[in-house]
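K.L.:
Each chain, letter by letter, is given below.
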Amino acid sequence: MINPAEFLDFLGEKGFSFASGVPCSYFSRMINEFETHQESITYIPATREDEAVGIASGVAFGGSRAFVIMQNSGYATIGDALTSLAQLYKLPMLLVISWRGLEPDRDFPEHSLMGDVTEDTLRGYQVPYWELTDEGWQQTIELALTKMEESSRPVALLVKQGVL
Amino acid sequence: MYGFEIIQELASVLSGNEVIVSSNGNISRQVYHYCPQPQIYLRGSMGLPVSVGLGLALARPETQILIILGDGNLLMGLGSLSTTSYVRPSNLKILILDNGVYATTGLQNTTSGTLNYPALLDGFGLSNIVPILRNDSIEDIKDKIQIWLHSPELSVLPALVDAKAPTLSNIPLHPEEISALQRGSND
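Chains as they are written, first to last, in the numbering used here: chain A, 1 to 164; chain S, 1001 to 1187.
Hints should not be assumed to be uniformly reliable.
[Unchecked claim] Simulated restraints on C-beta separations:
1. A:VAL117 with S:ALA1011: 40 to 48 angstroms
2. A:GLN126 with S:LEU1173: 18 to 26 angstroms
3. S:ILE1138 with A:SER40: 47 to 55 angstroms
Because the hints were derived from the structure by calculation, they are not lab data.
Because the structure is a prediction, the values reported are computed rather than measured.
Idealized CB from N, CA, C, for every residue including glycine.
Make a model of the complete structure from these sequences and hints.
P.N.:
This is the structure:
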C-alpha cells in the first residue's frame, strides 16, 4: 500500500498546488491527508466530477497544476469536460481514478459494467493512462507527468482497491 | 435591455486587468467582440464556466476574475454555486444573463422563469446584487454593474434580459490559441 502522505508529498514536489474531485472509499485515507497538506495543496471538494475537471482547467489556465480524484463511475460523466475543454484547450491535469467493479468488487453491481469498460473508455477518449501499483509508483507517476507536460493534456492513473 | 447591451456596458467600465470567463455560444462571441482581448472564451463545456472561473480565481489570486454565463449554463452546473460559495474567493465575480431561453440553439425555453434569484443565491450563501430588471433605467444598470464589479468579496449579479443576439462572426481563435494567450499573461 502506498503511503498517502508520501503520495501527496510527491505530487506537491512535482508542482501540484491544487486538487479537486469527488471522493471514493478507495481514496478516503488520501482525502484525510489533505488536512495535513493544506499548506502545499489546496483541495476543493466538487459536487460532480465534470465540475472538478472544470476547476482543474481554470487552475491550468492560470498557470498552475491541479490533480482530480474520482471513481471510474465519475469518469463516465466527464466526457464533454475532457473533449470540449481540457483536451481542446490543451490544459494539463492528472486524473486519479479508482478502478471499481473488478472481481473483488462484484458485490457492488453498480460498478461492474463500468469496471469492465474503464480502459475502453479511457482509450476511446484518447486519455493516456497507467495503472498505479505499490511497486515503482513514483516512476509510474513520472511517466504519466512526462506525457502530461509533453502533450499539455490530461493523463490518468487507475487505482485498484488497497493501493492508496 | 438585451444581454449583449449589458456586456457592452460592462466593457466600458473594465480596467483592462480583469480576466473574463465566458460561456459557450452567443455570450463568448459577444465578449470576444465587445470586450478587451484576450479573455477565456469557452467554446463547449456547457455548465462549467463557474468551475473554470473558480479554478482560475484560485490560481491567480491577485487578478479579478469575471464569469459571464447564461441561464442555461447556470442551471446545467448549479452545483458549482455551492462549491464556489464554500471556497469563496474574493477576486471572483459572477454575472448571470438570464434571457429565459437557449438563444444560441434557437430560442428554446429554459426553465429559469420560476427562479427567484435573490432567494436562490441567498440560499447558496452567495452575496448578490439586486437583479437587473428588463425595465431598469440605464443609470440603475450602470450602478448595479459598478457595485458588483467593485465588491470586496465574491459577488453575483443576476440580470433579467430580453433575448436577442446580434449576428456576430465566430471567434477566429482556436482554443489552443486562447490558452496560449492566457499563458502569456501569466508570465
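K.L.:
Confirm or reject each hint.
P.N.:
For each hint, the structure was consulted:
Take A:VAL117 and S:ALA1011: their Cβ atoms lie about 47 angstroms apart, and the range 40 to 48 angstroms holds. Distance hint check: the CB atoms of A:GLN126 and S:LEU1173 are about 23 angstroms apart, consistent with the given range 18 to 26 angstroms. Separation of S:ILE1138 from A:SER40 is about 49 angstroms and conforms to the stated range, judged on CB atoms against 47 to 55 angstroms.
The structure is consistent with each of the numbered hints, conforming to all of them.
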